[in-house]
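K.L.:
Taken in order, these protein sequences are the chains called F and W.
The numbering of the first sequence is our numbering, which starts it at 1 and goes up by one.
The numbering of the second sequence is our numbering, which starts it at 1 and goes up by one.
Hints are supplied without guarantee of correctness; some may be wrong.
[What the hints assert, rightly or not] In silico EDC-like pairs for lysine to aspartate or glutamate, Cα to Cα no more than 16 Å straight-line:
#: 1; chain 1: F; residue 1: K307; chain 2: F; residue 2: D442
#: 2; chain 1: W; residue 1: K112; chain 2: F; residue 2: E334
#: 3; chain 1: F; residue 1: K277; chain 2: F; residue 2: E334
#: 4; chain 1: F; residue 1: K250; chain 2: F; residue 2: E160
#: 5; chain 1: W; residue 1: K104; chain 2: W; residue 2: E131
#: 6; chain 1: W; residue 1: K112; chain 2: F; residue 2: D442
#: 7; chain 1: F; residue 1: K397; chain 2: F; residue 2: E296
#: 8; chain 1: F; residue 1: K277; chain 2: F; residue 2: E296
#: 9; chain 1: F; residue 1: K365; chain 2: F; residue 2: E436
#: 10; chain 1: F; residue 1: K163; chain 2: F; residue 2: E62
#: 11; chain 1: W; residue 1: K104; chain 2: F; residue 2: E424
#: 12; chain 1: F; residue 1: K365; chain 2: F; residue 2: E304
#: 13; chain 1: F; residue 1: K250; chain 2: F; residue 2: E296
#: 14; chain 1: F; residue 1: K409; chain 2: W; residue 2: D197
#: 15; chain 1: W; residue 1: K143; chain 2: F; residue 2: E424
[Claimed, not checked] Not the full set, but computed from the structure, chain F residues with beta-carbon under 7 Å of chain W:
#: 16; residue: L407
#: 17; residue: G419
#: 18; residue: R426
#: 19; residue: Q427
#: 20; residue: G432
#: 21; residue: A435
No lab work stands behind these hints: they were computed from the structure.
Values in this document were obtained by computation on a predicted structure and should not be read as measured data.
Glycine included, every Cβ here is placed at the ideal spot set by N, Cα and C.
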Amino acid sequence: MAGLIQNTALIGDDIPRLSGLREKGREAFRLPTAKTEAWRYTRLHALKADDFVVAPSKFLAELAGGEENGECACCRGQDCADDRSECSCGCGSREHENGCRCQGHHHRRESLPFAAYELHFDNGKFVPVYPVLPPGAEVMTLMEAVITGEERHLLNKYAELAKYPFAALNTACLEEGLFVRIGRNVCLDRPLAIINHAVDTGVNLMANIRNLIVVEEGAKAELVEYFAYEGNPKARYFNNIVNEIYLGAKAEFNHYKFQNESYKAVHIALNLVRQKKGSVYGGFCLQKGADLGRNETRVQLTEEEAKAEVNAVYLMNGWATLDTTTDIEHLAAETYSSQLIKGVVGGEAKGVFQGKIHIAPGARKTEGRQLHKALLLIDTAEVDAKPELEIFADDVKCSHGAASGDLDKEQLFYLCSRGIGEEEARQLLIDGYLAEVLARADNAAVREWLSANIRETK
Amino acid sequence: MSTALLEIEDLHARVAGKEIIKGLNLTINEGEVHAVMGPNGAGKSTLSYVLSGKPGYEVTGGTIKFRGRDLLSMPPEDRAREGLFLIMQYPVEIPGVPVTGFLKHAVNAGRKYRGEPELDTMEFIKMLREEGRKLGIDAEMLKRAVNVGFSGGEKKRLETLQMTILKPQLAILDEADSGLDIDALKVVAEGVNRLRDDRRSLLVITHYQRLLNYIVPDVVHVFAEGHIVRSGGKNLALELEETGYAEFVKEK
Ligand SMILES: Nc1ncnc2c1ncn2[C@@H]1O[C@H](COP(=O)(O)OP(=O)(O)OP(=O)(O)O)[C@@H](O)[C@H]1O
Ligand SMILES: [Mg+2]
């Protein structure tokens, strides 16, 4: 398995901060084995083929002057196979960036049905088009933030690479990703959206993306992370994502994610959230795509009255494995967390839920709630759930629960007896089952988008 | 000449391996109201489920024709689309599925089956509110999940509302009166009566004469031990109120 860390030239290997981090990542990376507890239920065979390829550094290509010399940002000067003279979206435009015939020049293939400050990645490479943000909010590439010192050594500060093998891999390959800073008391009027497009190139690409998000004291912002594929639904690629999120005192941050990768993709994501006094994190993840998908969220409630919600929905069919792993650490008194995770599993798919609530000594008057439920649509579907409570303090309220079962036959008959066909009735019941979690997505437009995507079977 | 709407011949049916319906014969003509009364456990609800096609209710013999067609070969949704409706004795709660959305699906499924265009959403909501108001169901209740947290009486009102909206040709009322207070009973009965015309029929299962004061039956059947043991006019219901079922149960 030497294959995941490759000798790809990256920008800034002469900068000690960067080369040091990458070296740490390389040292810490060990692919989980059957004995690795944190990965026990999640089959990694999708990675075993060992055939992923890392695309060359875009930063180095830019330095070499490619882009400046009239290359299109979207196809990077390689002659596009598509030689249509008119843009395929019907906008009528014939203007291709820098004369290139690539069709992805000015609008993205997947767009969102609500207003957002959009940022795009194509196959793991940032497309350098920046939205105009309100004063006090800024976005730059992570490389720029490291080189200018803007990241203030927050990058990788709490990542514990020995514990998170894929974060180690991500750190070893550190280059692509964004730094987002929402300044003190700034309130973003619409969500930031990071849209990750996977476009089939015929090569099994691996992309490591690292985002560092700092929401300062009293600031309020929302992020929508969207992973979408274009074309071939069986394209094989590997997205390895790490988000480090820091919330200052009283900051509020809603983090929505929709993982809709191709059926053969591997998607592994780690969200590391650290919260200060009175801050609020609202996590909501919908996982629907990928052959192997894992969304792991660690929340550290480091100061009093910090609150976190981690909610998730996973929908699966075929032979997929989708994993939702949470680790909520109550490190201070009077902190609060709540998790509601619901899955709908069909085919021969396997859902995995590992949820941990840790209450540190002295974290009195804290409350941690967790509920995982799965709907198993047929006998061959499977769910493994491992809830864990570690309580080292008195006077706390903690609960966890898990349940899985089939659709209720009485409910199904009731709907059919009113003339609703069985397929439609099943869908109505599934929608009804998920309604409770969806209601936890605060932003109405985002919620509507997510629920439309739940209903749509692609 | 009256046209037969429902024809049941020598019906035998089992639930959980036990024969419950044993040689039942019943014909309901268009426009008629039939009442079925009988002791607990006789198989009345079983009959209503067999008619509406509930899985697990296994027909072991006999035939049922509805509007001249073989009812037993149709899945439950087609029976409903053909015009059969059951007010259930114990309506099930469906969390997360709002009444309005559910009924819109139900109405449109029927329209599609009959080759009619789907109803416009605004039009539908207006109509639903209007019908709901007549049955004492307010707009807030229509937004709630189907039967979730509804009182016993509210559930029966909602069943009645569904019936009014779906306009079945044969409605089976399985103890539509149980759990209703006196005023609600009138409201529900009025709702049922508004639907009546000379082509629509009712099969009213009840334990009490009171409902039959409002929905006056043409025929009353005594159902005991899996089949009809006696049929008569509306006065039979009054008679039963006096005598009970002892005589029929012993008869066997
Ligand atoms: N799903 C089932 N499993 C096992 N037995 C059943 C089932 N459904 C009905 N039965 C049995 O069948 C018999 C008839 O039940 P049914 O509900 O049809 O009676 P009923 O005439 O409607 O009674 P009531 O007046 O109390 O409503 C009863 O003995 C009941 O226990
Ligand atoms: Mg009954």
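K.L.:
If you test the structure against every hint from before, which numbers come out violated?
P.N.:
2, 4, 6, 7, 8, 9, 10, 13, 14, 15, 16, 18, 19
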